[in-house]
Amino acid sequence: MKLLPFEKPLEILYKELERRKRNGEDTLHLEELIEKQMEEIYKKLTPFDTVLVARHPDRPQPQDYINALLTDFTEFHGDRVSEDDPALIAGFGFFKGMPVFAMGTRKGHNIHERLKYHSGMLSPSGFRKAARLVETVSHSFKVPIISFVDTPGAMVSPQSEMSGQVEAIYKSLSALLNANVPVISVITGEGGGLGAIGISTGDRILMLTYSYFAVVSPEAGSAILFKNTEAKSRVASQLHLTARELLSLNVIDGIIEEPLGGAQRFKNAVIKSVGDALQSELETLLKEPVTELKKRRLEKYESMGVFTK
Amino acid sequence: MKLLPFEKPLEILYKELERRKRNGEDTLHLEELIEKQMEEIYKKLTPFDTVLVARHPDRPQPQDYINALLTDFTEFHGDRVSEDDPALIAGFGFFKGMPVFAMGTRKGHNIHERLKYHSGMLSPSGFRKAARLVETVSHSFKVPIISFVDTPGAMVSPQSEMSGQVEAIYKSLSALLNANVPVISVITGEGGGLGAIGISTGDRILMLTYSYFAVVSPEAGSAILFKNTEAKSRVASQLHLTARELLSLNVIDGIIEEPLGGAQRFKNAVIKSVGDALQSELETLLKEPVTELKKRRLEKYESMGVFTK
Amino acid sequence: MNIFGKKKKIVLPVIQGDGQDVKVRCNSCGRLIDYDTLKENYKICPYCGYHFRMSATERISVLADKGTFDELGEPIQSVDVLNFTDTVPYKKRLADLKDTVGLPNAILAGSGKIGGIQCAIGVFAFEFLNGTLGSATGEKLAELIRFAGKNSLPLVVVFSSAGERVQEGIFSLMQVAKTVSALNAYKEKEGSLFISVLTNPVLGGVASIAMAGDVIIAESGSYVGVSGPRISEYVMKRSLPKEAQKVENLMKRGFVDIITDRKGLKDTIIRILKFQNKWGKL
Amino acid sequence: MNIFGKKKKIVLPVIQGDGQDVKVRCNSCGRLIDYDTLKENYKICPYCGYHFRMSATERISVLADKGTFDELGEPIQSVDVLNFTDTVPYKKRLADLKDTVGLPNAILAGSGKIGGIQCAIGVFAFEFLNGTLGSATGEKLAELIRFAGKNSLPLVVVFSSAGERVQEGIFSLMQVAKTVSALNAYKEKEGSLFISVLTNPVLGGVASIAMAGDVIIAESGSYVGVSGPRISEYVMKRSLPKEAQKVENLMKRGFVDIITDRKGLKDTIIRILKFQNKWGKL
Ligand SMILES: [Zn+2]
Ligand SMILES: [Zn+2]
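First to last, the sequence lines map onto chains A, B, C and D. Going from the first sequence to this note's numbering is simple: count from 1 and add 4. Going from the second sequence to this note's numbering is simple: count from 1 and add 4. Going from the third sequence to this note's numbering is simple: count from 1 and add 3. Going from the fourth sequence to this note's numbering is simple: count from 1 and add 3.
If you are wondering where the hints come from, they were derived from the structure by calculation, not from laboratory data. Here a beta-carbon is modelled for each residue, glycine too, at the ideal position from N, C-alpha and C. It is possible that some hints are incorrect.
Claimed, not checked - Heads up, simulated DSS-like pairs for lysine-lysine below, C-alpha to C-alpha not over 27 Å straight-line:
#: 1; chain 1: D; residue 1: Lys255; chain 2: C; residue 2: Lys255
#: 2; chain 1: C; residue 1: Lys192; chain 2: A; residue 2: Lys299
#: 3; chain 1: B; residue 1: Lys6; chain 2: B; residue 2: Lys47
#: 4; chain 1: A; residue 1: Lys231; chain 2: D; residue 2: Lys94
#: 5; chain 1: C; residue 1: Lys94; chain 2: B; residue 2: Lys313
#: 6; chain 1: D; residue 1: Lys277; chain 2: B; residue 2: Lys298
#: 7; chain 1: D; residue 1: Lys42; chain 2: D; residue 2: Lys95
#: 8; chain 1: B; residue 1: Lys236; chain 2: B; residue 2: Lys47
#: 9; chain 1: A; residue 1: Lys231; chain 2: D; residue 2: Lys95
#: 10; chain 1: D; residue 1: Lys153; chain 2: A; residue 2: Lys313
#: 11; chain 1: A; residue 1: Lys6; chain 2: A; residue 2: Lys276
#: 12; chain 1: B; residue 1: Lys19; chain 2: B; residue 2: Lys40
#: 13; chain 1: A; residue 1: Lys236; chain 2: D; residue 2: Lys240
#: 14; chain 1: B; residue 1: Lys276; chain 2: B; residue 2: Lys313
#: 15; chain 1: D; residue 1: Lys277; chain 2: D; residue 2: Lys255
#: 16; chain 1: C; residue 1: Lys94; chain 2: C; residue 2: Lys42
#: 17; chain 1: B; residue 1: Lys48; chain 2: B; residue 2: Lys19
#: 18; chain 1: A; residue 1: Lys236; chain 2: D; residue 2: Lys95
#: 19; chain 1: C; residue 1: Lys116; chain 2: A; residue 2: Lys100
#: 20; chain 1: A; residue 1: Lys313; chain 2: D; residue 2: Lys101
#: 21; chain 1: D; residue 1: Lys277; chain 2: B; residue 2: Lys100
#: 22; chain 1: C; residue 1: Lys269; chain 2: A; residue 2: Lys100
#: 23; chain 1: B; residue 1: Lys291; chain 2: B; residue 2: Lys100
To be verified - Covered stretches of chain D, going by a simulated chain A footprint (3 or more residues, C-beta under 8 Å):
#: 24; segment: 71 to 81
#: 25; segment: 85 to 93
#: 26; segment: 135 to 145
#: 27; segment: 171 to 180
#: 28; segment: 184 to 198
#: 29; segment: 221 to 235
#: 30; segment: 251 to 261
Work the whole structure out from these sequences, hints included.
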């Protein structure tokens with residue numbers, strides 16, 4: 005497992021643990037020590053540290069949640085105009101026996117996958133696929149929508165600009181706001197800017213403990229404000245991008261707790277927690293008539309923001 | 005003026021007319037003779053001859069009607085996903101003072117224009133532009149739609165197939181059927197197959213005397229049925245593709261008469277006739293509530309066809 | 004666009020073996036296949052996976068739950084309205100087809116269950132003039148669509164067609180408008196679900212109708228597009244590379260939701276039907 | 004994405020001449036232009052056609068019929084909700100702007116006539132933090148959209164913005180959802196008409212909002228896209244060719260209805276408004 009910079013103190017302990025295991029020595033005490041140390045570290049994470057955890061390549065990614073939580077998952081393809089964006093996985097499956105539509109950014113756990121999926125950055129065809137399917141779900145399938153988000157942001161390239169990236173984001177965002185079904189999104193890792201809001205807008209936004217959701221990445225924010233990326237840590241703190249801060253700002257609706265150490269170390273436990281959270285939210289949302297749900301969804305977004313008269 | 009094969013008898017007369025004009029000789033009698041001869045020829049046109057007239061490069065084309073009949077015409081561009089197809093001209097203008105939306109195939113009067121506009125064959129982006137604008141007109145502008153059709157058919161190329169030609173035709177056809185405004189189409193020259201129906205479906209289909217409207221061009225029909233194009237004339241007759249035949253089959257709603265000799269010889273007169281016909285149809289259509297209009301439009305199409313139980 | 008004269012490809016190349024054995028030769032790998040084996044194998048060549056064409060009744064028998072398919076309404080017969088003659092009078096073609104194919108037009112339409120779920124089901128009959136869209140076929144398809152709407156049923160149509168039927172001229176073309184109009188009305192209803200299944204080939208206006216699917220499933224290796232090779236060659240003055248119409252490529256270009264081989268088709272459709280919540284409700 | 008520090012490009016490079024003459028140097032051709040001439044010429048360089056940036060009030064004065072523009076509702080002030088400090092505290096930036104620009108946020112919104120037709124009119128103020136989308140700006144835009152819907156008015160918005168406002172963090176991003184939600188409601192109404200005007204530049208979420216236009220008009224030579232050059236360079240690790248965001252190219256790609264220079268803008272908008280039949284009627 006790749007250790008993050010702030011996890012450095014664990015390196016020597018992990019090595020010792022490996023040595024003892026190799027030699028068949030007792031490891032119980034050492035494991036306890038490691039756990040304690042890890043808890044100490046994770047209790048003191050800065051916002052920028054959290055960003056680094058959110059980006060850890062071994063964290064479960066949307067496709068992992070979809071595969072683990074849904075049965076009979078069937079992927080649907082294409083935007084019906086130009087392309088099938090592999091960076092967006094989208095389709096139907098049964099969640100605890102109930103049909104649902106699920107979509108999520110494919111990020112990739114290794115360099116090969118990351119190249120193939122553009123590290124989870126959607127192209128216009130990805131947002132258009134989302135928009136098309138959300139409309140079909142809303143009109144024809146009438147099942148809840150679950151969106152798993154882990155993206156550094158929307159794709160930026162000459163090709164994506166010329167193919168109408170800003171327009172495609174509008175389409176996807178608009179379709180989600182208009183959906184006549186419950187929409188839950190879970191930010192499992194990175195929630196970067198327009199790329200994230202384009203596919204995460206719904207009745208409930210949940211975040212994992214070590215995910216982030218921000219108008220820009222700390223590096224991009226630093227680039228904008230300071231013309232270099234060195235202030236990224238400071239910007240990360242000022243952006244209020246952690247789940248806890250965003251919950252206290254009433255921007256998100258709930259936090260799915262990760263154990264200290266992060267989802268990259270406790271994959272199955274975290275996937276289970278996400279499943280439990282989704283089930284509980286769905287039960288609540290399904291009690292309400294969809295018209296009421298939609299009305300409150302729109303009210304929520306129309307009331308977002310802080311200003312004075 | 006390019007003479008069509010069956011106009012050959014006129015050639016010598018035209019030459020003599022030119023000579024006399026050059027020499028300042030009297031031409032009155034000769035002109036009368038030419039007119040008579042032309043009337044004789046045009047009274048006996050076969051369906052395939054009519055196809056040839058419909059294709060005459062000097063006939064007024066949709067862009068000519070739009071420019072002549074509309075004031076303040078303002079072209080709108082683009083399908084909002086990929087391209088602006090120059091083969092479809094589309095926009096708003098005032099027709100006899102009333103705002104209308106007009107679209108039409110650009111065919112081109114010379115080889116340079118024909119290449120640029122694909123001889124009036126729409127690409128998927130053309131049909132998508134039509135669909136998008138028809139929806140915008142129907143929802144936002146609430147003005148009548150006038151569609152001028154002169155196309156040998158929809159574009160067929162590897163590029164157009166891969167860009168979803170059949171899907172785009174569906175979109176355009178569907179949008180016209182759904183339009184909450186009056187829709188009149190005028191087939192001014194060629195009305196070829198899917199390419200024509202994709203943009204001509206509406207409350208009224210009018211045809212010029214020397215236009216045609218067919219499931220396939222006579223040549224393509226011959227290729228399909230006889231594996232060569234030599235039976236084109238025979239197929240043209242069997243297809244019942246002339247305005248008069250189609251009116252008697254109740255497929256179209258009216259004929260705009262061209263003088264014997266064709267629109268290529270009487271441009272201004274024919275353009276005026278088209279304007280008069282449009283005005284009269286519009287006056288009728290605008291008297292009815294749009295819901296009633298649309299209901300009857302759908303009934304008309306849902307009752308098309310001949311079969312027995 | 005219908006392509007006659009290609010009968011060899013449509014009708015199975017049957018080779019009579021010794022006694023009652025019937026064997027057919029695979030169009031793709033050339034091996035001899037026992038006909039019963041082939042039929043049990045969804046008419047997929049057991050050696051190379053080539054998908055033989057299926058008749059409409061064969062399609063229904065593998066798609067609808069056993070004994071559940073009921074044909075819809077009265078039979079509607081094609082008519083030679085234009086008095087058309089190509090190499091053979093159209094009237095004679097129709098009369099012959101009545102005897103050989105036993106269908107009144109190029110679609111089999113009715114209600115039936117798929118995986119226990121009641122559906123409106125339509126299947127194009129390629130064996131009837133290459134599945135081309137005559138007035139009777141268009142009317143029957145429109146009737147099916149209206150039936151689906153009236154009874155709040157999912158609509159499943161298996162397409163295979165060479166496109167418009169030239170012998171019915173403009174009336175064939177008008178069937179495209181007719182069915183799209185019926186589809187518009189169907190699609191306006193909350194909870195309507197049109198599952199479009201593309202098999203080899205779907206061309207012309209029928210392909211446009213098929214692309215209206217809320218969900219588009221394609222049988223692997225099928226070709227879908229504006230027109231078949233001969234007509235493309237005429238229009239383009241050069242041949243259209245087949246790749247451009249292959250569903251595997253159309254999926255990359257965003258036009259197909261799911262590709263499956265024939266064996267997986269029914270299960271895929273059942274799953275999609277089960278993904279739907281009860282009609283109009285949540 | 005807002006790009007500070009580029010003030011030179013935003014504020015006119017004013018050169019004080021002898022006496023009361025004021026001259027400015029053209030950003031493009033470098034020639035000296037009499038300021039009064041420039042103003043009368045829609046701030047277009049009379050020598051090379053370069054479009055100088057206009058302030059929101061200048062925009063209103065050339066867009067709305069004289070004396071018809073009424074600002075909408077109470078002024079809404081931006082707030083430093085995240086206690087943000089970049090090179091300067093955000094609080095101080097806001098206080099300074101109140102003095103220098105005289106606007107409470109980055110949009111001027113109200114009702115007014117254009118060519119005699121009553122409209123809901125919004126104009127982004129690039130001079131206010133590069134027209135970035137803070138909470139107050141988003142709320143004012145949403146208020147305008149709701150006002151247009153309630154009063155059945157066409158909605159005309161002139162966009163110029165560097166995108167989201169980083170100093171308001173997630174609240175800035177949420178304004179995109181807020182305004183799109185308001186636009187969805189507006190667009191549901193029969194006869195609603197949103198005319199979106201793109202001027203140089205429109206970036207980020209504001210560009211997404213702008214692309215919701217039923218009609219999209221662009222001022223020639225403008226740039227529209229996801230992010231400005233600096234941020235693109237950071238994300239892509241290489242520069243984004245400016246051509247990719249040029250409206251002339253975006254029109255070829257199908258995303259812009261009409262391109263006009265600034266002088267033709269008002270006439271174009273008037274024509275479009277007149278092309279509309281009376282709201283909701285035919
Ligand atoms: Zn084989
Ligand atoms: Zn200059």
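A quick look at each hint next to the structure:
1. Lys255(D) <-> Lys255(C): Distance of about 23 Å is within 27 Å: holds.
2. Lys192(C) <-> Lys299(A): 21 Å, holds
3. Lys6(B) <-> Lys47(B): Status holds; Cα separation ~19 Å.
4. Lys231(A) <-> Lys94(D): 20 Å, holds
5. Lys94(C) <-> Lys313(B): 16 Å, holds
6. Lys277(D) <-> Lys298(B): 25 Å, holds
7. Lys42(D) <-> Lys95(D): Given pair Lys42(D), Lys95(D) is violated - Cα atoms ~31 Å apart, limit 27 Å.
8. Lys236(B) <-> Lys47(B): 21 Å, holds
9. Lys231(A) <-> Lys95(D): 20 Å, holds
10. Lys153(D) <-> Lys313(A): 21 Å, holds
11. Lys6(A) <-> Lys276(A): Judged against 27 Å, a Cα distance of about 23 Å means the pair holds.
12. Lys19(B) <-> Lys40(B): 16 Å, holds
13. Lys236(A) <-> Lys240(D): 16 Å, holds
14. Lys276(B) <-> Lys313(B): 45 Å, violated
15. Lys277(D) <-> Lys255(D): 26 Å, holds
16. Lys94(C) <-> Lys42(C): 33 Å, violated
17. Lys48(B) <-> Lys19(B): 23 Å, holds
18. Lys236(A) <-> Lys95(D): Given pair Lys236(A), Lys95(D) holds - Cα atoms ~22 Å apart, limit 27 Å.
19. Lys116(C) <-> Lys100(A): 25 Å, holds
20. Lys313(A) <-> Lys101(D): Given that 27 Å is the threshold and the Cα spacing comes to 14 Å, the pair holds.
21. Lys277(D) <-> Lys100(B): Holds. Lys277(D) to Lys100(B) sits at ~14 Å (cutoff 27 Å).
22. Lys269(C) <-> Lys100(A): 24 Å, holds
23. Lys291(B) <-> Lys100(B): Given pair Lys291(B), Lys100(B) holds - Cα atoms ~17 Å apart, limit 27 Å.
24. 71 to 81: holds (count 5)
25. 85 to 93: holds (count 6)
26. 135 to 145: Coverage by chain A holds here, the residue count being 6 at a Cβ distance below 8 Å.
27. 171 to 180: holds (count 10)
28. 184 to 198: holds (count 5)
29. 221 to 235: Coverage by chain A holds here, the residue count being 7 at a Cβ distance below 8 Å.
30. 251 to 261: holds (count 5)
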